[in-house]
Amino acid sequence: MQRSRNLIGLLSILWILAWAAGLAGAILAGRPLIVSDMRELVPENRSAAVSSALTALSDSASRSVFILTTHKDKAERARLDAIVREGVKGSPLVLKDSHSLNPAAILKDFEGGSENFATPRDLQWLEGASDREILARALRRLSRPGTALLPLPQDPLGLFENWFLSHDEFGRFGIEGGTLTVTDGGTVWSVFPLENAAGGASELKESDVPERIGQIRERVRAVDGARILSGGISLIAEDSKARAQKEASVIGTASLSAVLILTWIFFRGLRVMAATLAALLASMFCGAASVVTIFGHIHLLTLVFGATLSGICADYVFHWFTFIKSGQSPAQTEKRLFRPLAVSCASTVLAFSLMALAPVESIRQMALFCSCGLSSAFLFTFGWLKFVRLPQQALSSGKPLFARVGRIPPLSPRGAAAAVVLAAILAALGFSRLHTKPELGLLINTSPALLQEQSEIARLAAPTTPGQFIVLRAPGEQALIAAQEMLTARLRILEDKGVIGSFRSLSAWVPGIESQEKTFRRVHEANKRALQLLSSQLGEAIPGNARHSFAPLTLSGLSAAFRNSVLQGTLLPDESGAGPAALTTFSDLTPQAIPELQRACGSVPGAEFLNLTSAISDELRTCKEQIQLVLAGILAVLAGYFMLLYRGGWWRLWLPCALTVAAAQSLTLALGAPWSLFSVLPLVLLVGLSVDYAVIAESEGSSPWVWDSLILAGCSTIASFGLLAFSATPALSAFGLTVTIGIALAWSLTILLRKK
Amino acid sequence: MKRRTLLLTLPLVSARLLAGDPSRDAGTILSSLSGRRTLTASFRMERTISGLERPFVSTGRVTVIDGLGLVWRTLSPIEDVLAYGRSKTAKTGDDGKLHISTSKESHIIEEQMSAMLSGDTRELSERFFADASVAADGSWTLVLAPKAEFLSNFMRECQVKGARMIDLVSFYRPDGSILRIGFTEHSEDPVNAEDRALLERLR
Numbered sequence: 018m019q020r021s022r023n024l025i026g027l028l029s030i031l032w033i034l035a036w037a038a039g040l041a042g043a044i045l046a047g048r049p050l051i052v053s054d055m056r057e058l059v060p061e062n063r064s065a066a067v068s069s070a071l072t073a074l075s076d077s078a079s080r081s082v083f084i085l086t087t088h089k090d091k092a093e094r095a096r097l098d099a100i101v102r103e104g105v106k107g108s109p110l111v112l113k114d115s116h117s118l119n120p121a122a123i124l125k126d127f128e129g130g131s132e133n134f135a136t137p138r139d140l141q142w143l144e145g146a147s148d149r150e151i152l153a154r155a156l157r158r159l160s161r162p163g164t165a166l167l168p169l170p171q172d173p174l175g176l177f178e179n180w181f182l183s184h185d186e187f188g189r190f191g192i193e194g195g196t197l198t199v200t201d202g203g204t205v206w207s208v209f210p211l212e213n214a215a216g217g218a219s220e221l222k223e224s225d226v227p228e229r230i231g232q233i234r235e236r237v238r239a240v241d242g243a244r245i246l247s248g249g250i251s252l253i254a255e256d257s258k259a260r261a262q263k264e265a266s267v268i269g270t271a272s273l274s275a276v277l278i279l280t281w282i283f284f285r286g287l288r289v290m291a292a293t294l295a296a297l298l299a300s301m302f303c304g305a306a307s308v309v310t311i312f313g314h315i316h317l318l319t320l321v322f323g324a325t326l327s328g329i330c331a332d333y334v335f336h337w338f339t340f341i342k343s344g345q346s347p348a349q350t351e352k353r354l355f356r357p358l359a360v361s362c363a364s365t366v367l368a369f370s371l372m373a374l375a376p377v378e379s380i381r382q383m384a385l386f387c388s389c390g391l392s393s394a395f396l397f398t399f400g401w402l403k404f405v406r407l408p409q410q411a412l413s414s415g416k417p418l419f420a421r422v423g424r425i426p427p428l429s430p431r432g433a434a435a436a437v438v439l440a441a442i443l444a445a446l447g448f449s450r451l452h453t454k455p456e457l458g459l460l461i462n463t464s465p466a467l468l469q470e471q472s473e474i475a476r477l478a479a480p481t482t483p484g485q486f487i488v489l490r491a492p493g494e495q496a497l498i499a500a501q502e503m504l505t506a507r508l509r510i511l512e513d514k515g516v517i518g519s520f521r522s523l524s525a526w527v528p529g530i531e532s533q534e535k536t537f538r539r540v541h542e543a544n545k546r547a548l549q550l551l552s553s554q555l556g557e558a559i560p561g562n563a564r565h566s567f568a569p570l571t572l573s574g575l576s577a578a579f580r581n582s583v584l585q586g587t588l589l590p591d592e593s594g595a596g597p598a599a600l601t602t603f604s605d606l607t608p609q610a611i612p613e614l615q616r617a618c619g620s621v622p623g624a625e626f627l628n629l630t631s632a633i634s635d636e637l638r639t640c641k642e643q644i645q646l647v648l649a650g651i652l653a654v655l656a657g658y659f660m661l662l663y664r665g666g667w668w669r670l671w672l673p674c675a676l677t678v679a680a681a682q683s684l685t686l687a688l689g690a691p692w693s694l695f696s697v698l699p700l701v702l703l704v705g706l707s708v709d710y711a712v713i714a715e716s717e718g719s720s721p722w723v724w725d726s727l728i729l730a731g732c733s734t735i736a737s738f739g740l741l742a743f744s745a746t747p748a749l750s751a752f753g754l755t756v757t758i759g760i761a762l763a764w765s766l767t768i769l770l771r772k773k
Numbered sequence: 077m078k079r080r081t082l083l084l085t086l087p088l089v090s091a092r093l094l095a096g097d098p099s100r101d102a103g104t105i106l107s108s109l110s111g112r113r114t115l116t117a118s119f120r121m122e123r124t125i126s127g128l129e130r131p132f133v134s135t136g137r138v139t140v141i142d143g144l145g146l147v148w149r150t151l152s153p154i155e156d157v158l159a160y161g162r163s164k165t166a167k168t169g170d171d172g173k174l175h176i177s178t179s180k181e182s183h184i185i186e187e188q189m190s191a192m193l194s195g196d197t198r199e200l201s202e203r204f205f206a207d208a209s210v211a212a213d214g215s216w217t218l219v220l221a222p223k224a225e226f227l228s229n230f231m232r233e234c235q236v237k238g239a240r241m242i243d244l245v246s247f248y249r250p251d252g253s254i255l256r257i258g259f260t261e262h263s264e265d266p267v268n269a270e271d272r273a274l275l276e277r278l279r
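Protein chains in written order, with our numbering: chain E, 18 to 773; chain L, 77 to 279.
Only chain L is shown next, with the shape it has when bound in the complex (with noise of 0.2 Å):
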């Protein structure tokens, strides 16, 4: 479960960077995450698999609601939903239908969030060694490793590169497979009202 949260919330860190200052290592950027947010933003995940030469590939939107949650919504190939408000989640089920649940999970997720949004490096510190590099134009990656070895298991590094926001995410398995995720129309407002609907169904 933690597992899972992780991975999907990286992705989401949105930082406000501090373009041009060339002395920023892994500490000030993570730090620079501060303040809580809302936004809205595209994405695009692309899965390898083990023996595919071409990877799987889904869109879709992302929303965080800052004190609400997070709404992970993919429009193709297929549509589908996954929500965690602040007490409860909602998941589209087999039957192609909204279901929500009372879970910790979504308590987890909503904590993490937080936690990279405000700028809480404790959090991350605590699980990741982190380490960044900076371009010239401003341009940042941060290369997190898990430290613990439940989490290497399922992740060896996850790779988080920004500028003025964060743009794309990559995790490396084990296995040799990759996960990418790219962010664009970043937007701060207006956030979607359906979003924003359903998170306050799970308040």
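So here's chain E without its partners, still in its complex pose (with noise of 0.2 Å):
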């Protein structure tokens, strides 16, 4: 037996430096440990689409942020905008280059083929004009003390130009004082574009963008009649994390106050804290060295589940010395507990391990976290929990707290059998309540005036949404101009009725083809009558224009210069060889827009609509769909790894099991929270709750003190993750809830299912 003890002590050595060992060599590999970016969620087959360019994009558009000042006075908002500039200085927020886009430069481009344009208003215009009007128009462009952007032979009607200014890049925003401006009625509100360089949405590092942010907004709300606007997406995610972090403080802060609590009450002293706490650290340190050392990495979401296996590695500690107050010496507390405790251990092990034939590699990362964490918990209480020593007042503390919990009759097979049907009564009725939410929409805690600035900001000054984009793919160039034109008439007629907000596609400058063509032979003939009436009246003759025959713009035909910077995230790059792929990006987009849209994509060849936020919604939606169908593989393999130990009284230890993954599922269902990956997730660490509490029971249910260990070991898991319920997170909240509804329920019926 002596031998045995020691062998589990050098086992739980060998134990933790082998996975010290594995994540020594990935630190040393230089790879980075843990992925908080979710795109991480999306499976490859589908992340194919999503090219490293519109990654790239998709990273600007979520570090892109927003400030916007106005004053009715004009010097007022010079002084905004230096309180702006002043404020932003020396942070992560960088101001973008607003005025890289020369007009001059890029009209070259157009220079051979001016005639190929012209606005849908004066394409109508032309339909009917009449010589007067012709010359009528030209006279007035003469007229009027601008300059021209072309000279007169080649755009005497304006039309080119007309159609050069309407696109967004000249027509949204103006120049004041150096300041990119936007007009909103008769309000001018300066526009400063920042990039966060901090982090968009998926990785944010630590930095002072929200204390800047509001210092300016102080700064400024102090200069009387001035307005400010804030926003962007990774200005959101820091809201959140500032949130979940103040929430998950003052909830921490409890938690821990009540643990120790706990410990103070049951055994006296801050020995039983410092050992579960070794106990947890040797537990979490095992379990993600191991999935480092298998997958190379670990994603944030595998490392938040991991930590509620904390809940079980914490029980078998107080198990522990809950038989140790009882006055049973070390050995024979190894003795008494280390076949229930093996057990439990096993039988947790072998359904976590069920959840390692899922094909979402967070899910099987999380299998082999938990299932290695929970061995090292098992192997640090029976290895080394020998050496601690309770003080004195805590063995002298007399009678165990909950023996009278032992006198509560358990239930009779029939009663068994009235609570299986109670059961399904409850989750008929929180099935019957079912509803889910968006997995992602769930993490999100952001205060309503964020979002309603969010919703402002896009309106006034367009920025690209980062996670919806069509992709459009074509065998050759003319075909791709072809089918974008086709796909962007379908959005303007979104556009128009208001389902979606502006878009940019390389239709906006590149036509189709046939589209320049037809504009052509239109505004050519138009041109060559202006000139010569125009010749009339002056009475004296204007060289026409020398170009007489129509020569498209073409992609490859156009400067660097241009496709660099106005058509740039319009066109990705050919990486893939699969030929020219064109974006279309857009702004404020909202929920209702997206089926919209993907019906829109579904009639143009090539064109995929690509959620990349709704891709990772349906991957944690999956999860949790798997996760549900492992729960109810590990309760059949429960069902027949308790049958082959306990024989006929396996269902008093199954019962409690399944009972509390069913009931409390329906409960949270009935008590309003969605049906989530947060609500599902839970289930699985009450499986290895309630397993390890119907095991203790069997086997330790004649003795007073074991309700004692229970009740001590559930209290001190509400503690840690049930005061999440009060989280305002919905996520946090609903994980609080399922544990803490689960963990009253799993004590009664360990209770009420218990042998006589």
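In case anyone wonders, no lab produced these hints; they're calculated from the structure. Since the model is a prediction, treat every value here as computed from it, not as a measurement. Hints may contain errors.
[Unchecked claim] Lysine-lysine pairs mimicking PhoX-like chemistry, simulated, CA-CA at most 20 Å apart: (1) E:91 x L:164; (2) E:403 x E:352; (3) E:535 x E:545; (4) E:89 x L:164; (5) E:454 x E:263.
If you follow the hints, you should be able to join the two separate chains into one complex; please do so.
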């Protein structure tokens, strides 16, 4: 026996060292160990369509931050501009260059084919324009005190100029005192497009960006009559993160205090606390190191879920010390607890192992994390806790606190059947109220005011949405331009209906060849007529446009300057060799617009609507559905396992577990929480906990101390995770609520279904 | 848009000149453009066209009303109205009728104009290198050269000549064409009622 005890201690050291070596190898390899990018959850087959250029664009869009300020007085506006510029200095917020687009430079790309372009409104006017109207328009153009983009013979009616200046690149924004401006009615907003070097929505480093923005807002608001808007995906992510951290801090403090008080009440000292902490550290380290060793990295979601494992790991320690407190020696305690805890640990590891069959990597990571972590806790408990002595006052504190629980009569088989029926009714009630929400949305807890400002900024400054794009592929350049024009026509209809906000596409600058030719025929004739009429009016012949034949503007004919400035973000490099690809980007998309966009893409060959946000949400939903299925498998395997070990009494161990899973989920749903990954994940934890309670109660049910042990274990888990039910973040709240309900159920069912 | 704005508003600079002060440079001339103004003037605009011997000539009236905006009314060779109010723009359309629209252009125009009339040198000095010469009789010439490549692609130089008021503004384009606008019959009062009514509609 002594030899076997020493062997476990040695084994636990070797176990930790083995995973430490694996972790060291991964560190030396220089790979990033923790991956927090939610896009990593998107399986490879789905992400294949997401090229690196698109990912870069998405990254850039999610890093964008906008600050808009306004004041009716221009001098005050200049003062606000100075406040913003001063405020972002030395921060991760970098002001983007907003003056790089030089119309004269890109105009050269159109000089040969200026007659290929006109606005729909001008084309409509040309349909019925008489000579008198054509002359009047040409005269008005010459009489107005501006200068034209092109010489008179090339654009006598200003048709090209109207088309050129109708683009957002020139039409939406102005410049005032070196600052970009956008005018909304009579209000001039100064626009500061910034890049958050601290990161985007997925990878956000610690920074002082929120504080800087807060200071700027405070200073701007101190100016009488001034208004400020600030927004951006990274700011929303930062806000959610800050709120979650604040909550975690409050809840964490309450949790720690509760666990400390519990430990004190039960053990009158902090040694147990230190031992528990060491067990937790060992299990977390081994869990994380095993995942890094096998997978090369660990996803943040795995790490967060893995932390819940501490609920079970701590239980092993509490069981150990409760038996020590009852007056048992370490040897006696080991003898009494080894089998039940080994059974509990093996059954839980077996249950978690089933998750390794899931095709989603993050679930497989969780399976490995939990199996290794729990094994470490078991080895630690039996290898090292024997060296920890309880304080004398704990040993002499007398009777068990919850011995009365043992007097509650257990249910007869008929009563157990009634419990099953009741659980079935509860499950039916809960699932009748089943509703779901996108999993990503449940992680967001942002102030409504910030979202309102974001919406206002989207309307005024039209930033690119980082999560939704349309990728269009075609076998050749001409086919691409034609398909893009077809798609753009459908999007214009949606824009006119107000279904979508503004969008950017290749067609805005490079219409289809057929369309260009059609326009050329109309515009060329009109320009020729205008010059003839003007010549008659002035009594002097104006030399005509040198070009008489149609020459299309093609993508390959455009200069690099044009491609890199105006077309940036609308053309994708041919990375896969599948042909050229065009990209349509949007600003301010609502969920209602998504199906309409999918329909629009469905009717255009080669068009694919990519919704990165939805892909991540879908993957999390798949995770949830697979875990739900795995849970059913786990319960089936546990039934067989308990039958093998406990023969006819197997149901007393299995039912608490199965009913806890079923009833906890249905009660959580009945209380209005959505059916989400965050209410399904804790069920796996509950399986482990309820198995632990049932096995301990089965093997040690005759001891009055066993209830102290189970209640302490349950209370500590509720203190650790149940308090999350008070979180304002829906995901955390659902998690906490499920754990609390589940533990209450696991306790009650363990007590009621124990053997007589 | 901004290019048009600039070219349109520069001719409207009206200055209270410090006659007989030969020490004035561009800065002092610019800074002398102080005080918001209301005025009406007749204009004659000559536009040279490449390949034509004679310039294209248009005439009309310009009205600036402090706090309301600007009306550029061409009377010959065709009737045309271009007006920029506080929050709206009015232009004669292809159908010959006046069309009012909400446009940011009007606001930029108004802002730039008020900058010039109130002697806001920040706006001008940010966009132009300015140089000046003053004659013994008090008349002056202000030469503005655009700082930004964006503007210099459309305007090589702008010369503003005046004495008590601005008399002539000339724009030199890189292609060699010239736009000259001469102002006469400056009057601060009474302002044309029709123009005032129009600007009231464009508030």
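Status of each hint after checking the structure:
1. E:91 x L:164: Measuring from Cα to Cα gives roughly 18 Å; hence the hint holds.
2. E:403 x E:352: The given pair, whose Cα atoms are some 12 Å apart, holds under the 20 Å limit.
3. E:535 x E:545: holds (16 Å)
4. E:89 x L:164: Satisfied, since the Cα-Cα distance of roughly 16 Å is no more than 20 Å.
5. E:454 x E:263: violated (24 Å)
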